[in-house]
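Novice: Keeping their order, the protein sequence lines are chains A and B. Read in order, the letters of the first sequence correspond to residues 0 to 412 in numbering that gives the first Met the number 0. Read in order, the letters of the second sequence correspond to residues 0 to 127 in numbering that gives the first Met the number 0.
Hints are computed from structural coordinates only; laboratory data are not their basis. Small disclaimer: the values here were computed from a predicted structure and weren't measured. Among the hints, a few may not be true.
Using 27 Å as the maximum straight-line C-alpha spacing, the simulated DSS-like pairs for lysine-lysine come out as follows [to be verified]:
#, chain 1, residue 1, chain 2, residue 2
1, A, K49, B, K74
2, B, K27, B, K74
3, B, K74, A, K44
4, B, K74, B, K99
5, B, K35, B, K18
6, A, K49, B, K99
7, A, K49, B, K96
8, A, K44, B, K35
9, B, K115, B, K27
10, B, K35, B, K99
11, B, K18, B, K99
12, B, K27, B, K96
13, B, K35, B, K96
14, B, K116, B, K18
15, B, K18, B, K115
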Amino acid sequence: MSEIAWIETTLTSARPQVMGALLRYFRDLDRAEEAFQEACLRAMKSWPVKGPPRDPAAWLIFVGRNAALDSVRRDSRNTALPEEAALSDLEDVEADMAERLDDAHYRDDILRLMFICCHPDLPATQQVALALRIVSGLSVREIASAFLVNEKAMEQRITRAKRRVTGANVPFAAPGAVERAERLAAVAAMIYLIFNEGYSASGGETPVRAPLCEEAIRLARLLLRLFPAEPEIMGLLALMLLQHARTAARLDAEGNIVLLEDQDRTLWNRSKITEGLALVDKAMRHREPGPYQVQAAIAALHARAAKPEETDWHEISLLYRTLERMQPSPVITLNRAVAVFKSEGADAALELIEPLADRLSGYFYFHGVRGALLKELGREAEARISFDKAISLARTPAEASHIREHIDRLAAG
Amino acid sequence: MLYALLCYHDEDVVNSWSKEEDDAVLAKRGRVIQEKIDAGEMGPAIRLVPTSAATTIRASGDEQIVLDGPFAETKEQLLGFYIIDCENLEEAIAFAKRLKEGEATTFEIRPLRIFKKGVLPEKIEATP
Chain A
0 MSEIAWIETT LTSARPQVMG ALLRYFRDLD RAEEAFQEAC LRAMKSWPVK
50 GPPRDPAAWL IFVGRNAALD SVRRDSRNTA LPEEAALSDL EDVEADMAER
100 LDDAHYRDDI LRLMFICCHP DLPATQQVAL ALRIVSGLSV REIASAFLVN
150 EKAMEQRITR AKRRVTGANV PFAAPGAVER AERLAAVAAM IYLIFNEGYS
200 ASGGETPVRA PLCEEAIRLA RLLLRLFPAE PEIMGLLALM LLQHARTAAR
250 LDAEGNIVLL EDQDRTLWNR SKITEGLALV DKAMRHREPG PYQVQAAIAA
300 LHARAAKPEE TDWHEISLLY RTLERMQPSP VITLNRAVAV FKSEGADAAL
350 ELIEPLADRL SGYFYFHGVR GALLKELGRE AEARISFDKA ISLARTPAEA
400 SHIREHIDRL AAG
Chain B
0 MLYALLCYHD EDVVNSWSKE EDDAVLAKRG RVIQEKIDAG EMGPAIRLVP
50 TSAATTIRAS GDEQIVLDGP FAETKEQLLG FYIIDCENLE EAIAFAKRLK
100 EGEATTFEIR PLRIFKKGVL PEKIEATP
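Full structure from sequences and hints, please.
Specialist: In structure tokens, the structure reads:
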């Protein structure tokens with residue numbers, strides 16, 4: 000790897016900790032960002048000459064803080080900046096500094112930085128955009144292209160979101176246990192939003208959006224390193240790894256969705272699956288089940304089946320039952336119905352979803368599943384009506400063409 | 000003499016590598032390793048699953064406690080290792096240097112002896 004690439008990777012990986020600490024000092028997002036930018040510029044100048052510091056994050060925090068303080072002083076008193084050479088003393092104080100930084104602060108710094116991005120007043124898309132800008136450090140252009148909107152619109156969206164969280168006054172004191180747990184849950188949800196933003200994309204959009212999945216996984220790994228004994232964070236990371244492992248098999252050459260049962264499982268990413276399964280295992284030991292763990296356990300059962308017919312659908316239907324109890328939702332019931340269909344048959348499954356018709360009448364997937372069940376039961380005319388409804392509700396060409404295939408098969412059969 | 004080459008790096012940094020960077024590192028190392036394979040001197044290459052998947056069992060008084068996470072919270076983590084056969088330390092150092100080329104990874108060379116050969120099948124499914 001070239002030196003510049005190495006420095007950039009280091010800056011990216013240090014960013015959450017450094018930004019978190021700078022935010023604690025300045026209590027102002029814009030000032031913290033400016034300080035971080037300045038520290039990065041100086042790192043690009045200094046590191047290639049003097050070599051990388053032992054603790055890059057500590058270096059960046061120290062330099063960023065001083066640079067920002069300088070600019071505050073300069074603004075107020077118009078005094079001269081200190082010489083660049085003053086930075087050469089850094090190496091000596093670094094060890095001491097690293098020690099001071101290594102205390103408990105940094106966990107809550109990073110958590111606070113992430114938490115600020117998931118203020119409940121912010122709509123989901125703004126939370127994701129803000130987190131990608133503030134925590135991940137993606138450029139506005141990169142975020143805009145991931146959301147398929149123009150740069151100017153994204154700039155405005157982020158500015159609005161920042162203004163809103165600035166008015167929210169997130170407390171800067173170290174949080175208590177209950178508050179910390181609440182923050183963790185909010186941050187976990189936000190990370191999963193980032194993931195889904197990347198995962199739900201289909202067709203030609205995939206290449207630009209897949210990095211969002213990678214970024215969500217990176218953030219969850221970071222969170223789990225900070226809070227290593229949180230089973231729901233293990234579950235979240237496992238869930239994302241196991242889903243992302245299927246990426247290469249999810250779309251065919253034309254960009255059409257390939258159903259789980261039709262996917263070429265040799266294309267699944269084994270190393271992500273290994274890590275995901277290990278995390279599910281670890282989480283289970285805690286005996287504190289939660290929605291992410293249950294969803295990860297479902298994904299794990301799919302990942303463990305080398306062939307679709309080896310899938311343990313009965314166990315999956317039980318897990319969906321558990322999930323339903325934790326988070327009652329017609330969509331989860333619909334998913335359970337699919338598992339019931341595979342383990343018990345179309346009759347039982349259809350019985351389960353008929354009561355959902357009112358609430359899910361506008362949902363593409365509901366009509367798709369209903370059509371498939373009716374087709375299975377030989378009620379082809381009704382199946383066709385359901386499939387037609389599904390097509391009219393499809394959000395992407397890939398979804399529509401997937402249903403069209405079903406209809407073609409009906410016609411052929 | 001058999002050696003283990005232990006690879007240490009900041010896990011956050013490695014996790015921040017893009018796929019291209021990761022692939023480039025693996026390809027470069029793969030070329031160096033291939034020579035050892037051809038010479039019949041290459042043992043397994045192990046990449047450890049990230050430390051977030053680690054579990055540690057420690058003694059606490061008379062009890063054993065099971066903790067989530069790696070043995071030590073350090074700046075750099077043990078991320079993987081190679082088992083190789085080399086004539087002597089000089090050769091192992093030369094090999095490690097070539098493996099390391101262009102990387103910030105730290106390599107630690109540890110001579111080793113095989114305690115038990117083990118009975119796992121020869122071709123355990125590799126997951127690169």
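Novice: Hints first: check each against the structure and report whether it holds.
Specialist: So, going through the hints one by one against the coordinates:
{"no.": "1", "hint": "A:K49 x B:K74", "result": "holds (20 Å)"}
{"no.": "2", "hint": "B:K27 x B:K74", "result": "holds (25 Å)"}
{"no.": "3", "hint": "B:K74 x A:K44", "result": "holds (24 Å)"}
{"no.": "4", "hint": "B:K74 x B:K99", "result": "holds (19 Å)"}
{"no.": "5", "hint": "B:K35 x B:K18", "result": "holds (26 Å)"}
{"no.": "6", "hint": "A:K49 x B:K99", "result": "holds (21 Å)"}
{"no.": "7", "hint": "A:K49 x B:K96", "result": "holds (22 Å)"}
{"no.": "8", "hint": "A:K44 x B:K35", "result": "violated (40 Å)"}
{"no.": "9", "hint": "B:K115 x B:K27", "result": "violated (32 Å)"}
{"no.": "10", "hint": "B:K35 x B:K99", "result": "holds (15 Å)"}
{"no.": "11", "hint": "B:K18 x B:K99", "result": "holds (19 Å)"}
{"no.": "12", "hint": "B:K27 x B:K96", "result": "holds (12 Å)"}
{"no.": "13", "hint": "B:K35 x B:K96", "result": "holds (14 Å)"}
{"no.": "14", "hint": "B:K116 x B:K18", "result": "violated (35 Å)"}
{"no.": "15", "hint": "B:K18 x B:K115", "result": "violated (37 Å)"}
Comparing the model with each numbered hint stated earlier shows that hints 8, 9, 14 and 15 do not hold.
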